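Asker: Each protein sequence line maps, in turn, to chains G and Z.
Read in order, the letters of the first sequence are residues 1 to 463 in full-length UniProt numbering.
Read in order, the letters of the second sequence are residues 1 to 463 in full-length UniProt numbering.
FYI, nobody ran anything at the bench for these hints, they're computed from the structure.
Be aware that a few hints might be false.
Partial pick of chain Z residues on the chain G-facing surface, computed with a CB cut under 10 Å [to be verified]:
{"id": "1", "residue": "Gln31"}
{"id": "2", "residue": "Asn34"}
{"id": "3", "residue": "Ala344"}
{"id": "4", "residue": "Arg354"}
{"id": "5", "residue": "Ser459"}
None of these values were measured; they are calculated from a predicted model.
C-beta: ideal position from N, C-alpha, C; glycine also.
Number of protein chains: 2
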Amino acid sequence: MNDQTETIEQPEDETEDDYALRNRVVAAAIQAANDGDRALLLEVFEPLHPADIADLLEQVNVQERTKILQLAGDYIDGEILSEIDEDIRNEVIETLEPSVLAEAMRTLESDDVVDILEDLQDVQQEAVLEALDVVDRIAVEQALAYPEFSAGRLMQREVVIAPEHWTVGDAIDHMRAQSDLPEQFYHVVLVDPRHRPTAYVTLGRLMSSRREMPLQSITEDSFRVFDAVEYEGDIAYAFNQYHLITAPVIDENGRLVGVITIDDAMAVLDEEHEEDVLRLGGVGDESLSNSTLEIVKRRFPWLGVNLATAILASIVISLFEDVLQAVVALAVLMPIVASMGGNAGTQSMTVAVRALATRDLTGSNAFRVVRREAVAGLLNGVIFAVVMGIVGVIWFGSPMIGFVIAVAMIVNLLVAGLSGVLVPLALDKVGIDPALASGTFVTTVTDVVGFFAFLGLASVVLL
Amino acid sequence: MNDQTETIEQPEDETEDDYALRNRVVAAAIQAANDGDRALLLEVFEPLHPADIADLLEQVNVQERTKILQLAGDYIDGEILSEIDEDIRNEVIETLEPSVLAEAMRTLESDDVVDILEDLQDVQQEAVLEALDVVDRIAVEQALAYPEFSAGRLMQREVVIAPEHWTVGDAIDHMRAQSDLPEQFYHVVLVDPRHRPTAYVTLGRLMSSRREMPLQSITEDSFRVFDAVEYEGDIAYAFNQYHLITAPVIDENGRLVGVITIDDAMAVLDEEHEEDVLRLGGVGDESLSNSTLEIVKRRFPWLGVNLATAILASIVISLFEDVLQAVVALAVLMPIVASMGGNAGTQSMTVAVRALATRDLTGSNAFRVVRREAVAGLLNGVIFAVVMGIVGVIWFGSPMIGFVIAVAMIVNLLVAGLSGVLVPLALDKVGIDPALASGTFVTTVTDVVGFFAFLGLASVVLL
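This is chain G alone, in the form it adopts within the complex:
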């Protein structure tokens, strides 16, 4: 049926309309800011979601942003602030009047305040903390006591709990009697007398069960708890793997201290992915809001490492100056060797890095995956050896050149397949993020081995 049914790719027109609309909105906001027309600016903002206002602020340049923020004044609330990319959050917060900032913070839930605070500089952090009510400040300070990127930072502290022995009726009556239920909750967490979470019940299940039913008999299988110090990336993985909606968080004594909800886990999954993509692309932590100088500074180290490895490849080539001098066709063909090896290595590496991130590549199947990559590299190597052998003969009229490039192709694609999976596995083993450093190592290996095989064989055969 796959081929019979219509498939949606990207709905072009809609996307185009969407873009056009966004562009008009951004242009209108800039216009309003330039004219100092506050009424117009607020009119532009009115229909927008806070996340879209944050995106708008990220898309304009720094001068425009300052003007817009000053004009909008107290329209900038906590929700907008918590949506703003952390790269420009410092800048935005410095632009805001202290009173506006304090008011914005007071309207947020404690986990959102924590999320904003952790990226601020100390002076700003203190200013914000002072603006909070005592109760909120204590909650925020407790959350900040947990390590960065931990469950403790991600969780909300507001949880609806019930003793294990309660019935559905007890739980409903208890909730109906409460005046301050959390804004967002989907489960009632059952706790034992020592306040340790033991199970949970969904609100939907509660609604559809008889009053006399014990809560114990309608708990969900999906129940999982996390330690407050657990790494947020592992939590996001677990939410996706086990289809969790809510998960209780416990302290070192097993006591309930908060819950994580799926929307926060989804945001973490998205951030983790962003990090992987950028690291694989040889870019650190970077966004469109960064200034030109910042991106020069952030990309420079990666280019520097790349230069060092490229020089290594050049040194290999310089060992074979004689044969290059004798047969200039080799210099012409060199980029093909490097490019094919680099590409095949990147393919194999991308699959391995992704499989490590999704826990699909483990000790159980590592050997099989390595063997598969080696054989696949060899097979593609043979295919391209034939192709390049023929190209070499036709282009340069020399069967020997054809032979040399063909053999180099086989060696290089075999090594590319192997190093593409072995390098990420090794980095993962020693605790380095494979997304971060695999690329450099893999292309260094394919360049060095490729040039060595190609020019070395050429020296033997052609000199």
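Assemble the complex: chain G is given as a structure, and chain Z must be docked to it using the hints.
Answerer: This is chain Z only, laid out in the frame that chain G set:
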């Protein structure tokens, strides 16, 4: 405070333990299958989540998988099937007894059946459809009538609705009286008399409101509806951007036909990520479960395209055989030009592709981003020009070679920055996924321009 607090990277020991545990479990399952010991196999499976059993089946090889499946028999239920990677789902389903398959399908919700069916071959699809009850079959067939990757395929059809004029008490009484509420729901959707969704109320809010409160007065701001034919990737984006938990889906007349929940949106977001990463790495749709021949077949076309572009670069070089013959140092330095250009281009492209995927790069800021990339490329070019100029002079004792590589570096990094953002923008404009094809185009541009600038200038200066 950032630098004062402890930061979690990857919790090494835990991960190691985790891996070790998984490896032991996989080994035990293989052992049980080889010994034909069903009791042991089920003992291994018992503590595992269906998603983990599916992962286990993905990690063993095809012979082991067949043995395990035959031994496990009717232990393989719908939940396990729906977690299995689509690449091996056909194989697994063929291994199962028809009666086991039919029973497995009957226990699933209709959206999970759809998810499994859409990847099956026609014959298998019909066999599964026949195994379903009439009511389920009709629901599944209706879902399959929506395009692949659409909201209609992703949604569940079971929705809890309430007329707009109801109070909290009405809604609670209605739900308490129902016998077949959906397994999973977090909102009550308000519909008008023509069954069009107009708002929703969270179950939590319902619990904390007085009985006489009109539902209309406790609706959520986050309410958003999607068309049944909308692309699932756009829906996943919207869930993450607007922190949605549930979203109603409507037909072409605006009538409610189902709801999408965040756990399904999170799974789509993860799949979209996977696609982006693999495409950026020059791999199509591939997983660790693919056989060696399959990966050879899938990677071959990408390598073929790469070969074509590498030959283009070689042709450029062949234009300058004279100067290469005269100054062999140029051949030694060529890979540095190619590698630095390719790397800088990939950096700029990665940021652009990611920003397009997250809708951060739009018509409003495209010009600013292009200018930023150009200036950043130029600045890094100047820095590396100085470095390489010095290296060139020291290594080859020739100021002229230093001068040539320095100028080539500036030209190449400028072009890399520009093409890195212009190529994805152009591909996006003409409706091609920038993740899919940007890499090839960008490195072709940097190779061709780089070699042309380097060798061309060398011809003028050195010959």
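Asker: So, for every hint listed, does it hold in this structure?
Answerer: Results of checking the hints against the structure:
no. : hint   : verdict
1   : Gln31  : violated, 12 Å
2   : Asn34  : violated, 15 Å
3   : Ala344 : holds, 6 Å
4   : Arg354 : holds, 5 Å
5   : Ser459 : violated, 14 Å
The structure fails to meet hints 1, 2 and 5 from the earlier list, while all remaining hints are met.
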